[in-house]
Each structure stands twice: as structure tokens, then as C-alpha cells.
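Enquirer: Residues per chain are reported as follows:
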Amino acid sequence: MLFQSFLRACQCNRDRLGPCFIVGFLLFVAPSQALCDERIDRIEKTLKLMQQKIEALSLENRQLKEKVQVMEAASKQRGHILQAVTTPPPDSSKVNTSNHSTSSLAGTAGDVVATEIPSTVKETESNDEAADEKFSMDAFQERVRELESSQEETISRLDSSVKVGGYASVEYGFTNDRGRSSGFRVRNFSLFFSKAIQKNWQLFSELEFEDAPFIQSNPNNNAISTVQGKFLVEQMYIKYHPSVRWDIVAGRYLTPFGIWNVYHYDPYVPTQRRPLMLRVLFPVFSDGIRLRYSFNPGLALINSEFYLANGTGNPGRFDRNVSKAIGGKINITPNLLTDMNFGASIFRDKDNLNVARTTYGLHLLARYHDLALQAEFAHRVNNPLNAVSFRDVSAYAQLSYDLDRWTLAARYDWLNVNSRLPLSNSYRYTGAVNYHFWHNVIGKIEYNRNRFDNPVIKDFQEVILSLAVAIGDF
Amino acid sequence: MRFFLILLSLFLLHPLGAASAAEDSGVVVIVNSKNELNQLSRRTIFRLYSNYKLEWGFGESVILYDLLPTNPVRKLFSRQVLGRDASRVAERWAHMKITNQAINPPIVLKSEWMIIRKVSRQKNAIGYVSLRAFKSRRARNVKIVYTIQAELPE
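From first to last, the protein sequence lines stand for chains S and E.
Mind the numbering: the first sequence is residues 1 to 474 in this note's numbering, read in order.
Mind the numbering: the second sequence is residues 1 to 154 in this note's numbering, read in order.
Worth double-checking, as some hints may not be accurate.
Just the calculated beta-carbon pair ranges, DEER-fashion [to be verified]: (1) R185(S) - K110(E): 35 to 43 angstroms; (2) K34(E) - G443(S): 21 to 29 angstroms; (3) K34(E) - R185(S): 52 to 60 angstroms; (4) R138(E) - A139(S): 17 to 25 angstroms; (5) G229(S) - E36(E): 53 to 61 angstroms; (6) R42(E) - G229(S): 34 to 42 angstroms; (7) G229(S) - P72(E): 38 to 46 angstroms; (8) E36(E) - K65(S): 45 to 53 angstroms; (9) L373(S) - R121(E): 36 to 44 angstroms; (10) I471(S) - R138(E): 38 to 46 angstroms; (11) R391(S) - P72(E): 50 to 58 angstroms; (12) E36(E) - P213(S): 53 to 61 angstroms.
Pairs of lysine-lysine, BS3-like flavour, derived with a Cα cap of 25 angstroms [what the hints assert, rightly or not]: (13) K199(S) - K123(E); (14) K163(S) - K97(E); (15) K199(S) - K97(E); (16) K123(E) - K34(E).
No lab work stands behind these hints: they were computed from the structure.
The C-beta atom is built at its ideal place from N, Cα and C for all residues, glycine as well.
Build out the structure end to end from the sequences listed, making use of the hints.
Expert: As C-alpha cells, then:
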């Protein structure tokens, strides 16, 4: 309005147009120009401030990027050092965030500030996490080392402690044998004690209580009034074993003859009744020294044992005759992809009746997966001092098959004592079913049919139900 | 549409996952990396674990590591390498130990991880673990000498 009035005044006074313009300039244009300059100055100042901010932020961003790179390198190094631990890979999203914020610098300053602040927080957090993780890993590894040393110490203590093992079996037998009746039998209770005395030195013993032994004396005169069952130190020896190749034992040990005489414990054999040759053709145990030497020709294995002992019928205290018993056993395991063992044994002795006896034996154990064949043959030559020599012969063959928890077994036994006598053969046919409740708890049902050539001895049959357990397998 | 995309993703991912699981199944026999042997036959492993081979070729006695008879890895190993159930093999060892006839019986450990640790520390040791455990532990100082590719039993 003011400007239009001014123009109208100018048209009315055209002669005074020059002064009017000067007045107009002074009144309107000059002040507005000054205002514009002011604004421009302010804007320029603002822009300068923003530029300073941008420069500061880009410097900070560069520093953060450098930090990320350092963290990546550290993370990789940690990954190499602690391979057993799953290390998370460097967080690429954080790097991307930084990159994104760098590119955002081209935009407005407000955007840059908005993205940079959370990124810094994230970096600090990741630093803390990495430090925590490293700390926890160090602590974890330290704990593992502690546990391992503790375990080794425990194992060492256990190795040096006395180990107790054993087995027990009870049975109920039905029989039609003359002079015997059906009934329960507290068959076996054997305890094993083993102690590693020093490095490579060991004491091993087996105490056997058969048929629940009971010994009682008369209190008035100390005479023994009752003796039932059998108590026996079946094994007691000191063993020196410097290598897996060889060892030597001194004391009482199971005579290394064939298979069954050594591996005969109730929970691990399918029948309660032992083969007929046992306890007849050679002694169950011997008192003396025994040397074992094993070696591998190629992938085969040869185990050999040689021993010197007092011989049959002698107590642990001394030898009742001057001659010593000698023997040996060799067991060969050929290089096959299955269990297969065969070998030979010999036992030579002159007993307390001055009868020179030599027993030869052959054995075989062949296993194909769950099917096993075990067989032994023994032949004894007896040479009395002033009589005709005679022979004893025995053999058995046993077939067994493992079917899940069940074991089915059948065995044929034959024994001929004194081949010079007629009708001296005896036979036993055995069938057995075992059920393995656990690997050391076994139930058995066994049928035996015993037949004799000699008509004086009546054939008989028996059925045995038994339960056998093993304790502590060392 | 989203539903179909999810279905498609699952369809595509499932075979990959199955393939990955199949790759991780099985059992590996491991020895120390300092052991000169890089490969063992099944027969050799059978003979080592049956005490029919007592020493390595370099003259040191073998240290055998075993798992518990109830462990599925041992079940598979026993069946595939020893040809018998793990429980029956355990019975055999129990019989050998109880009679003091075991020459070099395996040392039974409860965890596969412990086997890896032990084998990684002992030059003459041998053990077996599942392939999955071997991979997940990023086992060092041990090497695979035999692989049994089969599904672990339940």
C-alpha cells in the first residue's frame, strides 16, 4: 500500500521523479538489502558450524573404522588360538553400519548424528562381549585343566589302591543220580584282590569259598568237629610286568593248560558243570614260577608260557617229592578278521606216587561273529615206576551262539581214564541257555546227560538252574 | 504368498540339513598326529582292540581307549569293527581282567571329548569317537585313520 501510494505520488510529480527514487530507495530497498545480508551472514555462520561438525564426525568415524579393523584382527587371532571354541565371526552388520554412516555424511548433518551414536554404543558393547568371552574361555580352560589333573590324580590313587573283584553263583539242581537229591547249592563265592605294589609290580590273589565252607572246632578240646565245603587259595602270586611283551609271576597260579582251566568263571562260561578233563589230567593250579612272552610276527600274535612248579598233590608249603613239574603252553592267533586261537600245552610231572605223567593238549577257539566253537583235547601218558604204563584221554567240543541277551550252548564231553581198563569211557551231553540280565548278571538253565560204559555206574541226568554274578571287573 | 515362500524355503533347506546330518554321522578312529601311520585297516583295528597286536610299528605299546558299553558310538564300533555286541566284548574284557589275564586292556572313558584329549596328548594312543564330536571339538593333534560310515544306533 505504501509502495503504491509512493508510485502515485511519483506519477503526480513527474518532474521530481529522481528525488522520489532516492527517497524510495532509502525507504524500502536499502533496509531490505540490509536484512538479506544479515540473513546470509547468519546462514554462512550456520554452514560453517555444520561443516565443522561434519569434519569432527568424519574424523570420529575414521577412528571407529580403525577400531573395527583391530577387533576383526583380534577376533581372527582368537579364533586361531582357541580353536576348540566356537567364536562368532566379526559382526559385519556393525561394519556395515559404519559404512552406512560414512555414506550418510554426504547427506544432512542431522542424519549423521542420528546414525553415529548407536554405532558407537554397539562397538563398545561388542568390545565388552569379546573381553567377557575371552575371560570366560580362559576360565573354562583353566577349569578343564584342573579337572584333568584331578582325574589323573584319582586314577593314580585308584591304581595304587587294593582292587577287589570276584564272582558268586547259586544253583538249584534236579538230578536222578544215585546218592544225590535235588536241592539248592551255594556253589561258588570267589574273591579277587589285586594291588599294584610299585611300578610294574603287582600282587594278585583269589580266595575261593565253594559250597559255603564251614569249619568248627569242639570248644572243649579244640578238635575240629565240623568241616563243610571247601576253602581254597586258588591263586596268589607276585607279578613283575615290565612290558606288554613279557611278565613273570611267582606263587600259585592257574596252570596254563588249554582254555577252560584259565577261563572258567561262572558268569563268563555258558555252563555250571566243567568239562570232564578238568581236575583229572592236569592240576588246576601250580605253585612255582611262570614266564609269559608274547610277540607279533606280522599281525599274528603268539603267546607263550613256560613254568616250573612243585607238581600235582603238593601243598603250598613244600614239595613232597624231589622232581619238579615243568610245562608250557603256546597260543597262536593268526592274522584273521575274526577271533581265532589255537595252540598246544604240555605238563610233565612225577607225582608223589612216583608215577611219571606227561599230558599233551591241543585247543581251539574260533569265533565268527556271534557263533563260537571251543574245543580241547588232552592226552596223558602215565608211567609208574614198576608197572605198565597207561593212558588217559579226554576231549570236549562246545558250540555257542549269542543272540541278543541270550546265549545258546551245546557241549559234548568224553573222558577215558586208564585206557588199559575196559569200559572206562564216560560221556556227557550238555545243552544250556543263558540269559544276560546285565553283562555281569547271568541266569542259566542247563541240562546234562551223563553216560558210562561201565554198567556198574548208572547213567544219570540233571537239570541245573543257576544265577551267577561278577563284582568289580577291575 | 509369504506362506508359499516359507514352504519353498523349508523344502529347499531340508535336504541340505539332512545331507549335513548324514555327513556328520558315523564313527572315526583317531590316533595322535605324531603317529607315523596315516591309515589303518579294519583288521588292524580289530587286532589292536582284541590285544592281538600289542605294539605299534615304532615299538611302543598301544594305549587303547574305549567308551562305556552303553554308549551308541561304542555299540556301532563294536558291531562294525569287532563283529560283536559291545556288551559281549565288555564281558570278555571283564573275564580277562578278573582272571588277571588281560595283557593290555582298553581304558574306558565316559566321554568322547576325553578320548580326543587323551589321544591328542599321547603318541601311542588310539581311540574312536563320533564324527560329529570330532568336528565339533575341532580336534587338534589327532588324525583320522579309519572311518565307519553308518548311522549311530539308538
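Enquirer: Is it true that E36(E) and P213(S) lie within 53 to 61 angstroms of each other by Cβ?
Expert: holds (56 angstroms)
Enquirer: I want to verify a distance hint. Is the separation of the beta carbons of L373(S) and R121(E) within 36 to 44 angstroms?
Expert: holds (42 angstroms)
Enquirer: Are the Cα positions of K163(S) and K97(E) separated by 25 angstroms at most?
Expert: Holds, at roughly 11 angstroms.
Enquirer: Compare the distance between the alpha carbons of K199(S) and K97(E) with 25 angstroms, and conclude whether the hinted pair is satisfied.
Expert: holds (18 angstroms)
Enquirer: Could one say that the CB atoms of E36(E) and K65(S) fall in the range 45 to 53 angstroms?
Expert: holds (49 angstroms)
Enquirer: At the C-beta level, are G229(S) and P72(E) separated by a distance inside 38 to 46 angstroms?
Expert: With a Cβ separation near 45 angstroms, G229(S) and P72(E) satisfy 38 to 46 angstroms, so the hint holds.
Enquirer: Assuming the hint says 50 to 58 angstroms, is it satisfied by the Cβ distance from R391(S) to P72(E) or not?
Expert: Between R391(S) and P72(E), where Cβ atoms are some 54 angstroms apart, the hint holds.
Enquirer: Given a hint of 53 to 61 angstroms, does the C-beta separation of G229(S) and E36(E) actually sit inside it?
Expert: Distance hint for G229(S), E36(E) holds at roughly 57 angstroms.
Enquirer: How does the Cβ-Cβ distance of R42(E) and G229(S) compare with 34 to 42 angstroms: does it lie in that range?
Expert: For G229(S) against R42(E), whose Cβ atoms are near 49 angstroms apart, the range 34 to 42 angstroms is violated.
Enquirer: Do the beta carbons of I471(S) and R138(E) sit within 38 to 46 angstroms of each other?
Expert: holds (41 angstroms)
Enquirer: Given a hint of 35 to 43 angstroms, does the C-beta separation of R185(S) and K110(E) actually sit inside it?
Expert: Because 39 angstroms falls inside the window, the suggested range holds.
Enquirer: Measuring from beta carbon to beta carbon, are R138(E) and A139(S) in 17 to 25 angstroms?
Expert: holds (19 angstroms)
Comparing the model with each earlier hint shows violations of hints 2, 6; every other hint is respected.
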